[in-house]
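**Q** So the chains spell out like this:
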Amino acid sequence: MKTRSGLLFLAICTSLAIHTHDACCQYRDHSQIASKAKSLASQYPAICSARSLVKTAGGKDIWIITIGTGDRDNKPGIAIVGGTDGKYILGRELALGFAENLLARSGDKSTTDLLNKVTYYIFPDVSPDASAQYFAPLKYERSRNARTTDEDRDFLFDEDPCEDLNGDGAITLLRISDPAGKFIESKEDARVMVNAETEKGEKGKYSVITEGIDNDKDGEFNEDGEGGVNFNRNLTYNYEEFGPNSGLYPVSEPETRAVVDFLYDRFNIYMVIAFGPQDNLAEPMKAREQPGSQSPGERTGQGNMRRERTPLTAIMKSDETVNKLVSDEYREITGLKGTPPVVEDPGNFMEWAYYHYGRYSFSTPGWWLNVEKGKNSEAEFLKFAEKEKLAYANVEWKEINHPDFPDKKVEAGGILPFVMYSPPADSVSSLTELHSRFIMKISEMHPELEFLDLQTENAGSNLYRITLKVHNKGLFATSAEAGDPNIWTRVMRLTVQLSAGQKIISGQKVQRLARLNGGESAEFSWLISGKGKADFTAGAANTGQISTSVELK
Amino acid sequence: MKLSVKISVSLVILCLSIPAKAQNAELFFKASGSPANPKVQASWNKYYTYDGITDICKRLAKEYPGLVILESAGKSYQGRDIHALTITDRKSGDPGNKPGFYIDGNIHSNEIQGTEMALYTAWYLCEMYDENRFIRDLLKDKTFYIIPTINPDARQYFMDSPNTQHSPRSGLVPMDNDRDGLYDEDGYDDLNNDGVISAMRRKSPYGTYKTDPIDPRKMIRTEPGEKGEYEILGQEGIDNDGDGQVNEDGPGGYDPNRDYGFNWEPAYIQSGAGKYPFSFPENQAVRDFGFSHRNITGSQSFHNNGGLILRGPSIEGGGAEVFSRDDDAVLNSIGKKGELIIPGYKFITLWKDMYTVYGGELDWWYGAIGSYVFSNELWNEFMMFNDTSSIDPYEFDRLLLFEDSFMAWEEVDHPDYGKVEVGGFNKNFGRTHPGFLLESDSHRNAAFCIYNAWVTPKLEVRDVKVQNLGGGLKEVTATVVNTQLMPTHSGNNLKYRIDPPDYVSLDGGKVIAGMIVTDKDRNLNQEQKQNPQKLEIENIPGYSHVNVKWIVKDGSKFTVRIESVKGGRASAESE
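So the sequences go chain by chain: P and V. Note that our numbering has the first sequence beginning at 1, numbered continuously upward. Note that our numbering has the second sequence beginning at 1, numbered continuously upward.
Just so you know, the hints here were simulated from the structure itself, not pulled from any lab data. Quick reminder that beta carbons are idealized off the backbone N, C-alpha and C, glycines included. None of the hints are false.
Examples of chain V residues toward chain P, derived with CB under 8 Å:
no.	residue
1	GLY244
2	PHE262
3	LYS275
To list a few chain P residues with every Cβ distance to chain V over 10 Å, as calculated:
no.	residue
4	PHE183
5	GLU199
6	GLY338
7	VAL342
8	GLY374
9	LYS408
10	LEU452
11	SER461
12	GLY518
Starting from the given sequences, assemble the full structure and let the hints guide the process.
**A** And the structure:
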């Protein structure tokens, strides 16, 4: 009740806020993130630790903040990842801000209860080389790390970057007056360049390129700038060989590998929440028939070489149910309307976490402009910027001299970098608060095992029949269905430990427990001879272990 | 000065290596095609342990300092050096500037003889260099990169520890195969302590097996209605972790040949894969070796068994790989020649004729490096009697190996099954060559590699001609020829621009214009406006030539040079 009204208030605040600040400087840079991570760990030493996992090619740390109690790696774990794409700078704040909000509330009973049950692994920024460009003297939207690469495969490395030709500290666009050009001014907003539609009788007036010169004289502009590899294209799912910024092979980068290894090493993680271009929170993923995707019986041991099943390409049925539930919570808690633009990144993190890591995986940009279908998003953005009185939004077209077009009129201008992907800085704190609440809300739905209906029946002649149920009282399944055939997820075990002199007549000492959906239970029975104590344990790292015992007498 | 240093160094080597030197030549009469009295004594009717491999590699490097460089390509999981031999005539140029041919073996731990094939090739090239003109010429033109085992830990484990002929396929990085949180906790158990994991059989009135009346070592299934004598209980082992399953989580438990970063898929699709490509240190070593030797134009992996010469693609449609018609022609031409060189081996396409492989080494060499690649499955049952119909291993073992490869059935106590008998073929039989056939097949497979290396591109610059055009201008023309089968760039290489184009440069004079002559007779040219002194040629196909032309000012002596990453280098001067 209390939460609800608070939420409403915040939602109103967000929409009413008037943004007058320069967008810079309210997002925190790499060193501010680092010092915040360290200060959180020293402020809350009992429940929080922070360390650098690895350094990037650019010499920047990948910070990991772990928050939890007790045996952290053996209870349901949640990974929260910011900066999957460096140009989505908000995600870093949402991830780090969650850590701050959670710790600030760690004295509350509900938060304490939660932290006794689950562990959080928070990566504020996995693309620090790229996101640093937001804070650099020259701003441009960058998704690449600092590894030197040959993006245009001309066997020269980083030889054709952008240049700030109008000296405004940002890379925008250039338009060149050119009868052979394909662009015209948009009817929705003349500042926006759009493709001329010849079928509607329109004739192109401009060529449009990004701001810069053709340094290597190959006819292409700014096609091989500084860096690198895009974290969000360097993962294994749907990886594009020799794709743009995808790296030499999947998981080629030290930071990709360190993050992926960290996650794979933690079998307790059942859910991953990423803040980046992909979205399945505003618009949940849809299940569909996947021919040939039936899981065969599990095969283990040596000598396996054959293909096991066809790749998953859509969410599994029972995971879809959870995705929908989570998405409903997301929209309700954040109050965000519409859906962000669909961004297809081969090798992206969100799909990797679901299809290859086999965990529940959710992702959102955390903020977007709600653009009506059919409208030009840039023109809509300019309207929004006017309404919100954004000082940092657009550069008016202004003529410049361009060495590659000595005889043509060239103007620099257009929408400034980052503003389409990141909200005005003064709405960051309210968005952080809303996303923190969302994460806490869905964390409460974590899988949790309990034993129910433990019954002992004396069958005479020193024989006892024991039955019990293992029940998942959480709303999430004990693990995502996509993880069923995945060797990098654990399979729950149910084990009975007998006292000396007792013997199992029927039933298994150790057995595998299939995934239990939210609220689902499974019943087991044993026939045991001999008096004494029998101990039962059930679970796996991702659910935690539960135990109970019974005295047979 | 330099000479005297050389002499003293070789004297030292001579002194140090007396025990390893060639034996008294009077004892031998040369058999054709083999070194009669090798400096590095080695026999090819046995398998080498890791220390044995190390010893041969070191002796080759010591005896042939002008030909052999021995390096470590990296460390295995357990810290063994992965030996890499670079073999070429270093007097005739930088090894990295010649077309390279790469050979490795033993990616699958139990498929040990690939190592002997690779090692034999290295040994043969060195030992024949002095006495065979073809080998001498070959090592002038080409560089061989040979890694005898890219899986030294598990090779040694196969030899030293109880295993079947099929185990382990994996390397030795621990894996939790049964997903219970314990690693490698339930492997095989050598119940009779003979170093081999054999089958377990138990006498049973309900058994469906009986012993073969012709050869009682052999178990055969009973006919329907016939009374059996034995039941088969799987491979030697017990349920070490008490989970109701036997031998389900032994050492390792992955497939190193599903770990390469091209067309990779995870284990739920491609069983045996790791977390991501290049998960395992041995494969990281191969990756780094490949990326740092871009001149590798052809490559060869050795596996067992089946008597096959495999080509890609490994998946239907090739995934991200492309095979042009020229690529098919190159691969098919070499593969067909292989069938002649190695009788009984069949040349097939992996995905179509065998099975689908995602993330195999084969795809990576072709897909990511742009090198033509074959994988040979060594040994097949045909080789027992040189006959496709007589393929009974029991008979072969009896008549030719005198039952040396069979472990007689032996009674042991099993904690769960009671009295059982264990027995069957030794782990060194079934998939690996028996000793007497090993040298012969090593030679044939080495010959296949040598042929394959020979057909890598051979570039020459011919007919450098200068013609005075008047007005201080001259025209320089030349022809660049590839006299061999392979192009300088495969279709995949061209598609992804893996390697730079071939560069034809003119030294001498001031270049005003440069062009590729597309039709000499009709004077059709393709002018290169940027940097005309160094003409870029996308590809020089096999058995083809390219004409080039420059317009120059000044200069009288002209040199035309061709530089190709995978095709090598050549130059010629004007008359």
